[in-house]
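Protein chains: 4
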Amino acid sequence: MGMVGGTLDAFIGGVHRRAAIMDGEIELVCGAFSSSPEKSKETGKALYLPEDRVYANFEEMILKEKQLPEGERMDFISVVTPNHVHAAPTKLALENGFHVVCDKPITLNVKEAEEIVELVEKTGLVFCLTHNYTGYPMVKEAKEMIASGAIGKIRKVIVEYPQGWLSTMVEVTGNKQAAWRTDPSKSGAGGSLGDIGTHAENLAEYITGLKITQLCADLTIFVEGRQLDDDANILLRFNNGAKGILQDSQIANGEENDLNIRVYGETGGLQWRQMEPNTLIHKTQQGVRHIRTGVGNLSKAAQVHTRIPAGHPEGYFEAFANLYRNFAIHVRAHQEGRKADPVYDFPTAQDGLRGMKFVDTVLASDKSDIKWTTFE
Amino acid sequence: MGMVGGTLDAFIGGVHRRAAIMDGEIELVCGAFSSSPEKSKETGKALYLPEDRVYANFEEMILKEKQLPEGERMDFISVVTPNHVHAAPTKLALENGFHVVCDKPITLNVKEAEEIVELVEKTGLVFCLTHNYTGYPMVKEAKEMIASGAIGKIRKVIVEYPQGWLSTMVEVTGNKQAAWRTDPSKSGAGGSLGDIGTHAENLAEYITGLKITQLCADLTIFVEGRQLDDDANILLRFNNGAKGILQDSQIANGEENDLNIRVYGETGGLQWRQMEPNTLIHKTQQGVRHIRTGVGNLSKAAQVHTRIPAGHPEGYFEAFANLYRNFAIHVRAHQEGRKADPVYDFPTAQDGLRGMKFVDTVLASDKSDIKWTTFE
Amino acid sequence: MGMVGGTLDAFIGGVHRRAAIMDGEIELVCGAFSSSPEKSKETGKALYLPEDRVYANFEEMILKEKQLPEGERMDFISVVTPNHVHAAPTKLALENGFHVVCDKPITLNVKEAEEIVELVEKTGLVFCLTHNYTGYPMVKEAKEMIASGAIGKIRKVIVEYPQGWLSTMVEVTGNKQAAWRTDPSKSGAGGSLGDIGTHAENLAEYITGLKITQLCADLTIFVEGRQLDDDANILLRFNNGAKGILQDSQIANGEENDLNIRVYGETGGLQWRQMEPNTLIHKTQQGVRHIRTGVGNLSKAAQVHTRIPAGHPEGYFEAFANLYRNFAIHVRAHQEGRKADPVYDFPTAQDGLRGMKFVDTVLASDKSDIKWTTFE
Amino acid sequence: MGMVGGTLDAFIGGVHRRAAIMDGEIELVCGAFSSSPEKSKETGKALYLPEDRVYANFEEMILKEKQLPEGERMDFISVVTPNHVHAAPTKLALENGFHVVCDKPITLNVKEAEEIVELVEKTGLVFCLTHNYTGYPMVKEAKEMIASGAIGKIRKVIVEYPQGWLSTMVEVTGNKQAAWRTDPSKSGAGGSLGDIGTHAENLAEYITGLKITQLCADLTIFVEGRQLDDDANILLRFNNGAKGILQDSQIANGEENDLNIRVYGETGGLQWRQMEPNTLIHKTQQGVRHIRTGVGNLSKAAQVHTRIPAGHPEGYFEAFANLYRNFAIHVRAHQEGRKADPVYDFPTAQDGLRGMKFVDTVLASDKSDIKWTTFE
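First to last, the protein sequences are chains X, F, G and L.
Taking this note's numbering, I'd label the letters of the first sequence as residues 1 to 376.
Taking this note's numbering, I'd label the letters of the second sequence as residues 1001 to 1376.
Taking this note's numbering, I'd label the letters of the third sequence as residues 2001 to 2376.
Taking this note's numbering, I'd label the letters of the fourth sequence as residues 3001 to 3376.
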């Protein structure tokens, strides 16, 4: 693995590194960690990389690594830069035969995303977008239960992603994470929408197997002076006739990172919260069942994404690592010319493109006086 | 107290009776329990009423009780009939000098509600609408905290009322509660909206002290053959610039009676769930506080609505009884020609009228292609 | 009902009154509320009793009521005085043909309790001891499940009753509840043990159907100057070979009233907490089920102790009222010369005697250097 | 790191590997994974180790690695074998200058543990015993709070470790984990006591800073045919006068891995559960506070053991990794001849020796008819 972005003080770079190495299948072999060669070197040193594998920029990394003999050179790049630096390294890597893991959202806009989808299809290389929340075992179980009809035809979906950390203007007080996320030139046209709303959209469609077809959005900038939405309330309609709500917020004061989803079908309901990820609640008119990671007869999908017996809580890093582990399985299958078992799934470039279109559609709806805006 | 409606097999009649007598301040002295004189007599007998105080209909009850000497005759009526029989007894009682407790929604439509508001104002009698959920001590505490600025200016309000009991066509299988609630001639133009959505609307405005000014609704009838909405998703805008969501459902399969609210302000958030009513969660960026009925320094409003030390759970009946107790305090004050302490509050005819207008506004929005419909 | 004790400022008197009247089956007709005739009168007046039914003391009440014609005179007395005034009114009432509801613990010591048991047996009158926590629907469900083998042969029982309100010397600062409870002449030989430990003992034996046969106790007085235990840790052995722990505390700082029990059998476990009383958790190696009041197919025992559909929380008063309601059913059956349905059960004088022996046995064990002390 | 034990199908070996590499500070460079050279090779291959660093046994590993040049050779061994193979590799490693991480319990008996303590003291090498539950941020916070007097002088400690996985005789059905744990020759004299009871003992003393001085134990073998205790109920007395209870079980049917602790002091109480490890509950008579990983002003100890912002759940692996990370910090300090910051703490050989004595003392108490047995 070669990393693009992810200096020591970055949030998501460290997450990717820990996730990548968790199962002993992936090794960090090189990196272009920063646009500042100094910071890049410093990071590389701290990560015990040889100096000659720490590059000044991603272009250099991709081109030089390509010269290295197979087995020695990196197999893939991991893109953990702010959103506006997702497309360029991804495209260059794909064009030069490297697989790619890319943080979400996939790009700054739909056009870039379409180019990447096209490149992935043309090259046949493996591309993983880290909508990491789909990596939890209980999310897998929920998806399998719904697919097998455990709650009947879906009628209502409520997906929420409230955070409170942007309740004040922290972006001007030295909070680096806040600064780029609230800057349209680095983050794209969506604020909370792009940062966390796309996670919610992805999770809802992933778990239910449905597609959002229409939406009605009300975005707000609550913190004065901010340029991008910090709150979104959206009505949803799905392709099977189901209705729903998606709300995200970064001004839900006191909330940490409370992604959660409730799905109601004709015969039951399911509920999952990211902050207590090892419990999936299944409600019917006969009672409430708490399905727990590692307990009882779970789906194969839940089982293969669990590392340890029940009651030893697995969390964010483990779910994130499931994406890398699955990606590695697909890369190996690709190298060996065979197909990987589809149970080892991960979000694709298509999912990323859908996320970008979601952002655009929500923004269009927000500006419209008409109630419903078509999605796709 | 004289009761209108509320035979033995009714749901809400028994609730009102238990709530009324809980504090030993109110006695059931007469009733017109059913349009069937037989059933009315049977109920009266089971409730140990003398035969001559069990009436054939509410008209008879009101007119005959009026003839009885003060001190013996009932002081007020309690209207616990289906919605279409709310207005007539209420109006007749007010016109004949009786105070009124009326189950919600106040009437079948706005017009009737306006007439009642007018009568209440004209007569100066005491009228209580049983939006019972405002009777919980932790709802009082939430209201007081917000009024005193504990979470700053409000930005976002999410209020939900999911139930699952109408997930199938139970109204045709002998479920009396379901039958009248899904019949527009008895329930009014709103289905879930009138039955529980108005509770949510009332709770949100009560706790926050804000008014909804615009809304955008998507109502659904999920169960085929049903005539009224069994699900509602609504975007809200408030008079201070806050945004919000109100959703209710009677097809949220597996949900019991999960009324809940989250309010986020500039400096913190509050969360309350009716099914665990003795906990109010206060979140800030410094941590999470579980405020508990009876624990620590609570507002006077919370204290006077609590009957027992902490850890002895008070529930639905006790909250409901708080309305009756407060109503009784106001009736007594009225009788003695003085003003009652406003801490002993309860929902009014004005709240009821607002609920009816809410139903109308949501229905109009649901039919409209325009995003926002003005409320009031 | 005639009440002995229970002035307006007492804790448990008000609970008994609310519980008694909840279902409209029982009426307070007279009382001897205090050893002070002034306070007694004041209480009687506040409760709307006629002056001539407010008595100077329980002797007068019992003897004068006996003179009244049947139908007018009270049917039973309710004893809600501090522990040292339980035996005398109970015995006098039984001797004069009145049924009795008595707050727990039944008496000040074993000898008095034995006399009451004997009198109850001799007179055939109905006696109910208000171990009120057995009145919750989910306690009934737990008992039924265990009796029907739902968790197999029981192996381990953990019952706890932590409170924190006596963490400091509140008994000298005007806290009336604390004052008599920490005074051996009024409370008996057990402090926390008698006050709440007996509830725990009763609950454990009630739910499991087992008997404690041996115990090993460590009692403590943590608050300097106090005369009775404020904390108890006790190892238990049961008659079927099961093991267990009973711990209670009134210095578990920050705890409210957290009575809870866990029972593990050969095939599953059950868990119940009084502070969230409408959930019974059933755990097996296949998963966790939350059994909820009013949801799904519950036992008849759970059903007949529930007043309202699921999701409308019933609490402490309702559980307490279940004892009174069942007592009333038995009194009526007694009056009509028939047997009441055993599903309407309540704690008996025998249970009370067992509680007194439990206190004595624990105290003996606490003083002993030998590990195990036999119970019974 | 060189690993002793930990073939691919072992439980704890994989945990150690993931924990060790999580922060990119430690690399697995060699191993003696099994007494079967075949299985050892297979494991080494799967872990991408060069063949010549996969050894036939730990003696060979230690002696051959010693021959390798500094920088290339392993710095320490990680002992993840069943308990009876803890002492020998540990001692040989220490004698040959290698630091040691050892799974708990430290040895099979007190004598071996004393030898290791002595060797650690003599050599000055770094030894870490993986009582991993002390690695959670909220355990650190609890310890710091208590040390700083946040709940006052401690009065009562309840520590529990219930599991249900040994509810039946799974050790004869091919469950390798169960087989060695229930075999006294491999596990030592304690069953549940050694396996999980020592975790509970360690956690209680770690968090409170107190020492258990007396105990009274009741051990049981519930599953017929089993040779070691599968359940333990123990009364505790502490060196400051506090009282307590320790209970563990492997037949608490339906429980997963529910280590939890409650500590009550003169001014408040603390509660922590391993299965929801990111919440520490602080209760006082003023209310309940949920202290959360990453939220608000936490102690330095909590902060340096947290990897990611609030709401991204960290779990078992991360807590375990905290021990390895801290161990690595100490090893590096040792190599550089300086002292490491004590905030980076981990359980020591002394803790391990104390655990072995705890097992012995509990076993002695269990056999004794005298109530109290002195610990130390």
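No wet-lab data here; the hints were simulated from the structure.
Possibly wrong hints are sitting among the right ones.
Just so you have them, the derived chain X footprint on chain F, three or more residues with Cβ under 8 Å [what the hints assert, rightly or not]:
no.	stretch
1	1237 to 1245
2	1262 to 1274
3	1351 to 1358
In silico DSS-like cross-links for lysine-lysine, where the CA-CA straight-line distance does not exceed 27 Å [what the hints assert, rightly or not]:
no.	chain 1	residue 1	chain 2	residue 2
4	X	Lys367	F	Lys1367
5	F	Lys1211	F	Lys1300
6	L	Lys3186	X	Lys45
7	F	Lys1367	X	Lys211
Using N, Cα and C, we set each Cβ at its ideal position, and we do this for glycine too.
Hints, one by one, checked against the model:
1. Proximity of the stretch 1237 to 1245 of chain F to chain X, defined as three or more residues with a beta carbon under 8 Å from a beta carbon of that chain, is established by the 4 residues found.
2. Counting residues of the stretch 1262 to 1274 of chain F whose beta carbon lies closer than 8 Å to any beta carbon of chain X gives 7, which reaches the threshold of three, so the coverage claim holds.
3. Counting residues of the stretch 1351 to 1358 of chain F whose C-beta sits closer than 8 Å to any C-beta of chain X gives 0, which falls short of three, so the coverage hint is violated.
4. Of the supplied pair hints, the one linking Lys367/X and Lys1367/F holds, its CA atoms being roughly 21 Å apart against a limit of 27 Å.
5. This hinted pair checks out: Lys1211/F and Lys1300/F have alpha carbons roughly 24 Å apart, not beyond 27 Å.
6. Of the pairs offered as hints, the one joining Lys3186/L and Lys45/X is violated, with about 44 Å between alpha carbons and a cut-off of 27 Å exceeded.
7. The hinted pair formed by Lys1367/F and Lys211/X meets the criterion: a straight-line CA distance of about 24 Å does not exceed 27 Å.
Checked against the numbered hints above, the structure violates hints 3 and 6; every other hint is satisfied.
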